[in-house]
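Work out the full structure, taking the sequences as your base and the hints as a guide.
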Amino acid sequence: MVKKTFKVPDMSCTNCAMKLESLEDTLDGVKEINASYHKLQMTVEYDESRLTDEQIIAAVKKKGYQALPI
Amino acid sequence: MSRNRKSSIDPVILIALGIGFVTIAIVMMVSQSNTYDVNIANNAGGTSQLAVAFITGLTTGGLSCLAVQGGLLASSLAHQIEQDYLEQAAQKKKQRGKKNQPLPRSNSAFPIFLFLIAKIVAYTLLGALLGLVGSYLTLSPATRAILMILIGVFMLGNALRMFNVHPLFRYFSIEPPKFITRYIRRTAKGTDTFTPLFLGALTVFIPCGVTQAMMAAALGTSSMAMGAALMFAFTLGTSPVFFIVAYLTTELGSRLEKLFMRFVAAVVLILGLVTINGGLNVLGSPLSIQNLTRNLLPSNSGRAPVAQAAQSSFAEGEVVLYVQNEGYFPQTISAPAGKNFTLNLVTNQTYSCARDFVIPALDYYELLPDTGTVQVNIPAQEKGNSLFFTCSMGMYTGQIVFE
Numbered sequence: 008m009v010k011k012t013f014k015v016p017d018m019s020c021t022n023c024a025m026k027l028e029s030l031e032d033t034l035d036g037v038k039e040i041n042a043s044y045h046k047l048q049m050t051v052e053y054d055e056s057r058l059t060d061e062q063i064i065a066a067v068k069k070k071g072y073q074a075l076p077i
Numbered sequence: 002m003s004r005n006r007k008s009s010i011d012p013v014i015l016i017a018l019g020i021g022f023v024t025i026a027i028v029m030m031v032s033q034s035n036t037y038d039v040n041i042a043n044n045a046g047g048t049s050q051l052a053v054a055f056i057t058g059l060t061t062g063g064l065s066c067l068a069v070q071g072g073l074l075a076s077s078l079a080h081q082i083e084q085d086y087l088e089q090a091a092q093k094k095k096q097r098g099k100k101n102q103p104l105p106r107s108n109s110a111f112p113i114f115l116f117l118i119a120k121i122v123a124y125t126l127l128g129a130l131l132g133l134v135g136s137y138l139t140l141s142p143a144t145r146a147i148l149m150i151l152i153g154v155f156m157l158g159n160a161l162r163m164f165n166v167h168p169l170f171r172y173f174s175i176e177p178p179k180f181i182t183r184y185i186r187r188t189a190k191g192t193d194t195f196t197p198l199f200l201g202a203l204t205v206f207i208p209c210g211v212t213q214a215m216m217a218a219a220l221g222t223s224s225m226a227m228g229a230a231l232m233f234a235f236t237l238g239t240s241p242v243f244f245i246v247a248y249l250t251t252e253l254g255s256r257l258e259k260l261f262m263r264f265v266a267a268v269v270l271i272l273g274l275v276t277i278n279g280g281l282n283v284l285g286s287p288l289s290i291q292n293l294t295r296n297l298l299p300s301n302s303g304r305a306p307v308a309q310a311a312q313s314s315f316a317e318g319e320v321v322l323y324v325q326n327e328g329y330f331p332q333t334i335s336a337p338a339g340k341n342f343t344l345n346l347v348t349n350q351t352y353s354c355a356r357d358f359v360i361p362a363l364d365y366y367e368l369l370p371d372t373g374t375v376q377v378n379i380p381a382q383e384k385g386n387s388l389f390f391t392c393s394m395g396m397y398t399g400q401i402v403f404e
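Chains A and B, in that order, give the protein sequences.
Just add 7 to the spot in the first sequence (first one is 1) and you have the working numbering.
Just add 1 to the spot in the second sequence (first one is 1) and you have the working numbering.
FYI, nobody ran anything at the bench for these hints, they're computed from the structure.
Hints may contain errors.
The calculated SDA-like cross-link candidates involving lysine to any residue, where the alpha carbons are at most 20 Å apart (straight line), are [stated by the list, open to error]:
hint	chain 1	residue 1	chain 2	residue 2
1	B	LYS179	A	CYS20
2	A	LYS46	B	GLU176
3	A	LYS38	A	THR12
4	A	LYS14	B	VAL166
5	A	LYS38	B	LYS179
6	B	LYS179	A	GLU31
7	B	LYS384	B	LEU363
8	A	LYS46	B	PHE173
9	A	LYS46	B	LEU363
10	A	LYS14	B	PRO168
11	A	LYS10	B	LYS179
12	A	LYS14	A	LYS46
13	B	LYS340	B	VAL377
14	B	LYS384	B	GLY339
15	A	LYS70	A	MET8
16	B	LYS384	B	ALA338
For the chain A half of the interface with chain B, some residues (derived, Cβ under 8 Å), not all of them [said to hold, decoys possible]:
hint	residue
17	CYS20
18	THR21
19	ALA24
20	MET25
21	GLU28
22	HIS45
In this text, a Cβ means the ideal position worked out from N, Cα and C, and glycines have one as well.
Okay, here's the thing in structure tokens:
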């Protein structure tokens, strides 16, 4: 398991954080996502043997946001 | 030609019409009842307070609440929107190569309606609870003023957050704890009926600035029935705007939503300033807009006879201040310095919040009868001093200038 933080600059409200956290339920290999509108970032804890950074970024993009690895 | 297409009336139109009719009916009832002085729970100004609450909700509360509670509404709609999207995608696939046929209509109106019903019920219960709590404690005008200023600052911060002015303003948005968002998320996957109902009820935990002001007012009613009625009137008032905006934003897409949120931000910004200004009035601060500009603008135009009547009675050590539905007349009273006098507050079928009379500097607060005279002893003041008076909401103001 690894923990990575991404900058998500286009979050505009707390609901955006909720939307990003919902990837927990759909993205295979994710253990936990903590997104913060205050910090405009999300921390993802995931199994790197099952999921890559690129896949996370793509899933975030699908939700309408841009994720930039920190 | 096949006629198998369902002749459907857009549910949005039906619900919007329903809300519109209820709105008109309530406004008519309130304006009628004002004539006959119907007070709920013996709380003075009951109906006028309800009318103010309703109109506040109708004009400003809806936008302000939407800015704060929009997330919950979006969550409650998420499932429906997803379903609509899948239905439309499937229909498009089927129709590929066929002539134009209408795509299934979006069904976001029903969850919005359920959400709003749950919200009204939850806030009415909250109002009853606040009224009950309020019956055990009394909010002084100064406390209320500070509360108003804090609420105004909160609204201002939220507006600046929406305008993306500085990252600092993001902290004006309250992030609910993770366990709540997880719970909401899991609930949002539930059935279409339960989710909006439940999330609508949850809005009591994230009240917007205007709602918080109304909650403070419900607390101040010191009556369970009046507290419930006040919150009901306010939440009902917020519903049409909430409904229309929520519907439009879900139907018209994110580009329009962004534009609309800018408009909401502008309105919330103005409301924030108005609320802070009201708080300053209730504090008796000379820095409120009315108190700063009063001497610059010609006041009481067309009210000269009233002003003269007020001045002429000074010889007897008494002065009359007419408390009317539109405010206080005259708005400026000139009084001789170094002399006590009696201020006669005269009401005549006055039902507006002008009856909640406050002189902050004297720590004087009185709920005036709708018709009658109440005397206030004004102690001698130094030359050049001003005593500001206002209603308890900081809407109507005036001053006594000592010369």
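Going through the hints against the structure:
Distance hint between LYS179(B) and CYS20(A) is fulfilled; the C-alpha atoms sit about 15 Å from each other, no more than 20 Å. In summary, the hint linking LYS46(A) to GLU176(B) is supported, as the alpha carbons are separated by about 11 Å, within the 20 Å threshold. For a cut-off of 20 Å, the pair hint linking LYS38(A) to THR12(A) stands: about 14 Å separates their Cα positions. Using a Cα cut-off of 20 Å, the hinted pair LYS14(A) and VAL166(B) holds, with the two alpha carbons roughly 19 Å apart.
With a CA separation close to 15 Å, the supplied pair LYS38(A) and LYS179(B) stays within the 20 Å bound. A hinted pair counts as satisfied when its Cα atoms are at most 20 Å apart, and LYS179(B) with GLU31(A) qualifies at roughly 13 Å. Taking the CA atoms of LYS384(B) and LEU363(B), the gap is about 17 Å. The hint holds against a cut of 20 Å. Proposed proximity of LYS46(A) and PHE173(B) is supported: the alpha carbons are some 13 Å apart, at most 20 Å.
Only pairs whose Cα atoms come within 20 Å are accepted, and LYS46(A) paired with LEU363(B) is rejected, the gap being roughly 46 Å. Distance restraint check for LYS14(A) and PRO168(B): the Cα-Cα separation of roughly 14 Å lies within the 20 Å cut-off, and the hinted pair is therefore satisfied. Taking the CA atoms of LYS10(A) and LYS179(B), the gap is near 18 Å; set against the 20 Å cutoff, the hint holds. A C-alpha spacing of about 8 Å is found between LYS14(A) and LYS46(A), which places the hinted pair at or below 20 Å, so the restraint holds.
Proximity of LYS340(B) to VAL377(B) is assessed by CA-CA distance (about 14 Å); at most 20 Å being required, the pair is judged to hold. The straight-line distance between the Cα atoms of LYS384(B) and GLY339(B) is roughly 7 Å, inside the 20 Å bound, and the hint therefore holds. Straight-line distance between C-alpha atoms of LYS70(A) and MET8(A) comes to about 24 Å, which puts the hinted pair past the 20 Å bound. Distance check on the hinted pair: LYS384(B) and ALA338(B) sit about 5 Å apart at the alpha-carbon level, within 20 Å; holds.
For the restraint placing CYS20(A) at the interface with chain B, the shortest Cβ-Cβ distance is roughly 6 Å, inside the 8 Å limit, so the hint holds. Look at THR21(A): its Cβ gets to within about 5 Å of chain B, closer than 8 Å, so that hint holds up. This hint holds: ALA24(A) has a C-beta 7 Å from the nearest C-beta of chain B, less than the 8 Å allowed. Nearest Cβ of chain B to the Cβ of MET25(A): about 5 Å, under the 8 Å cut. The hint holds.
Interface restraint check for GLU28(A): the shortest CB-CB distance to chain B comes to about 6 Å, inside 8 Å, so the restraint holds. Because the closest C-beta pair between HIS45(A) and chain B is about 5 Å apart, less than 8 Å, the hint holds.
Against the hints set out earlier in the document, violations occur for numbers 9, 15.
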